[in-house]
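*Asks:* Quick note, the sequences are listed as chains A and B, same order. In this text, residue positions in the first sequence follow this note's numbering: the first is 1, and each later residue adds one. In this text, residue positions in the second sequence follow this note's numbering: the first is 1, and each later residue adds one.
Do not rely on the hints blindly, as some may be mistaken.
Derived DMTMM-like pairs: lysine to aspartate or glutamate, alpha-carbon spacing no greater than 25 Å straight-line [stated by the list, open to error]: (1) 136(B) / 453(A); (2) 468(A) / 113(B); (3) 100(B) / 465(A).
Hints were generated in silico from the structure; no laboratory data involved.
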Amino acid sequence: MSKATDTIGELVSQDYKWGFVTEIEQDIAPPGLNEDIIRLISGKKEEPEWLLEWRLKAYRYWLTIKEPTWHNVHYSPIDYQSVSYYAAPKKKLESLDEVDPELLKTYAKLGIPLEEQKMLTGVAVDAVFDSVSVATTYKGKLAELGIIFCSFSEAAQQHPELVRRYLGSVVPYTDNFFATLNSAVFTDGSFVYVPKGVRCPMELSTYFRINAESTGQFERTLIIADEGAYVSYLEGCTAPMRDENQLHAAVVELITHDNATIKYSTIQNWYPGDKDGKGGIFNFVTKRGKCLGRNSHISWTQVETGSAITWKYPSCILIGDNSVGEFYSVALTNNYQQADTGTKMTHIGKNTRSTIVSKGISAGHGQNTYRGGVKILKSATGARNYTQCDSLLIGDKCGAHTFPYIEVKNPTARMEHEACTSKIGDDQIFYCNQRGITKEDAVNLIVNGFCKEVFRELPMEFAVEAQKLLGISLEGSVG
Amino acid sequence: MLEIKNLHVQAGNHEILKGVDLKVNVGEVHSIMGPNGSGKSTLAQVLAGRETYRVTEGEVLYDGKNLLEMAPEERACEGVFMAFQYPVEIPGVGSAQFLKAALNAIRKRRGLEELDAMEFLTLVKQKIKSLGVDEKLLHRSVNEGFSGGEKKRNEIFQMALLEPRLCIMDETDSGLDIDALKIVANGVNALRTPERAIVVITHYQRLLNYVVPDYVHVLLDGRIVKSGGKELALELEEKGYAWVEEEARAAAQA
Ligand SMILES: Nc1ncnc2c1ncn2[C@@H]1O[C@H](COP(=O)(O)OP(=O)(O)OP(=O)(O)O)[C@@H](O)[C@H]1O
Ligand SMILES: [Mg+2]
């Protein structure tokens, strides 16, 4: 019937709006991975000797292990020797005023003008441009409270005792193939330490952006909340458009002591590749939190709309009695994107509780896998888990898969699991159209409704951003 | 206002409408009756722009414009409303949010200011009361878990809220209890103004006692084979469709 005749399956063809390359002179290491490169990275960063040793141990271990194949994603083999492991802007930058205007323009395009953000939103931004932190704002104010918020490199120099104590304590360098690789070659990332009894008064935020061609980005983030401390951290990611695939293998470690809380939110919008599945970021990330203390609380919230491949399982190890782990996730795959994501909750302490809410949205040829592991150890008397994992399908060429693994070694555990798969039906779209609502708006309404339990967990302004991002990522997926 | 000429419609390879002609002027109420499967819902859905149906012949003019060329949401914004025979559930989408999106889309199109949350709520609460729909439904997902009758009433409530110019009601009376039927009828009669037209698809005389039609048409096997005044509905209720069928066959042979 004339121009009104389209069906679901076409609204997924929106161009990537963040595909621009910043022209800044870069200092790039030659491609390839060997001990010399690792020494080069460590040297450039003026790291203490023990850190170099730790990197080298990781590298030597990495040589002995194989890339995992158990996940439900498909990609051609990565040639680790063709990747350049270090790229830094050539100029040394000390304050925001010295930041290359090109770079500031990049951030402006991303919609995060640093100056504006500083003034208007009260968000302290630690911007990671490729591998080196270029600007850390609000440091002074935070310092008054004893909060350390800086780049990882800076922390390694200024607070080596903290870094040494906690680095690898949650994700050891032997953890998995990508985490091991990261341990050997990580370039930068964020470091946060919130001292006893301090409630961080603002959202801490980092925007990551992969820029240089053929550079892997390996951030290392370490966040520690000491007794009774509270911090909410947001990470946002975007990458320019490239034909070839780029590798991103980050490691994030969180530690909470007694009565401490860390909320970690991610909005991930790495370049997903084009309509035909060409290019895009390979996002192989290890994120894990350790609730060390009693009544401590770690909450992961993620909105994943980008990357060609996402391989990511933000997890919690609940050691302290009464500690709480949470995972709220929206993962969207469109075109030829693949996501294999979920969480692992390991209950060790008594009366530990975990909540998992996973919302997978698949459109186009997207494949979305939820993989969850809940483990109740023998010691975890009175442990409770609630898992809800829902899938929403748009069109009929996409897929949703769920693999919930449960292992219960203590009979007092209470486990609840709910799952449902739904489809956006042509009849639902038509119903909305008949009330004057366009297809795009109808899909947005339905998708946002589907995700609202997760969006509720995001800081207000980011929830709005997340909604917009989903809308943009789905434009064209329904005709 | 609405002019349907020789409309042929297929779903797949199956021809459902086989040349429908119908003219509806502003201010008129038309009723379409006909046995199950005769094509009543198909006609309503084609007018609303449902894409599963293919128009193979004929045309439909709405205010002199080619209706079939307009996207379904454009038609809605131009004032075409269809109360669905089977309103679909949209889990997760709050009714209030849905209605606000709908109302503002339509207002925008009509060059009116979009309503803010407060103005919207005031309006909605007033309309919902007049249709005897429970306000609690606003806090639930669109049609989700609504009873059959609630769904039907909700359609008329939406119609009252969106103030369309051409109202098409597909068996809105089916499944309503007697009180609800009166409430719905009152709602429809309130919309019965000289600048609107209403098309009521129904199987029963009941509703027509309250919403008295100017014309009654019989749709049979994809064609309107008989038209008359409000008495025709009574006659059909009494005698069924066999005699109309007979007449139509005779006419075709003659
Ligand atoms: N999408 C479709 N594909 C195939 N056949 C269809 C489709 N929609 C309707 N039909 C068929 O077309 C005929 C008319 O259906 P329609 O729903 O318009 O009837 P109706 O007059 O509204 O009936 P009822 O009084 O039972 O509501 C039926 O035989 C039906 O099975
Ligand atoms: Mg019908």
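*Asks:* Each hint should be assessed against the structure and marked as holding or not.
*Replies:* These are the hints, each one checked on the structure:
1. 136(B) / 453(A): OK: residue 136(B) and residue 453(A) at ~21 Å, within 25 Å.
2. 468(A) / 113(B): holds (23 Å)
3. 100(B) / 465(A): Satisfied, since the Cα-Cα distance of roughly 21 Å is no more than 25 Å.
Violated hints for the displayed structure: none, as all numbered hints are satisfied.
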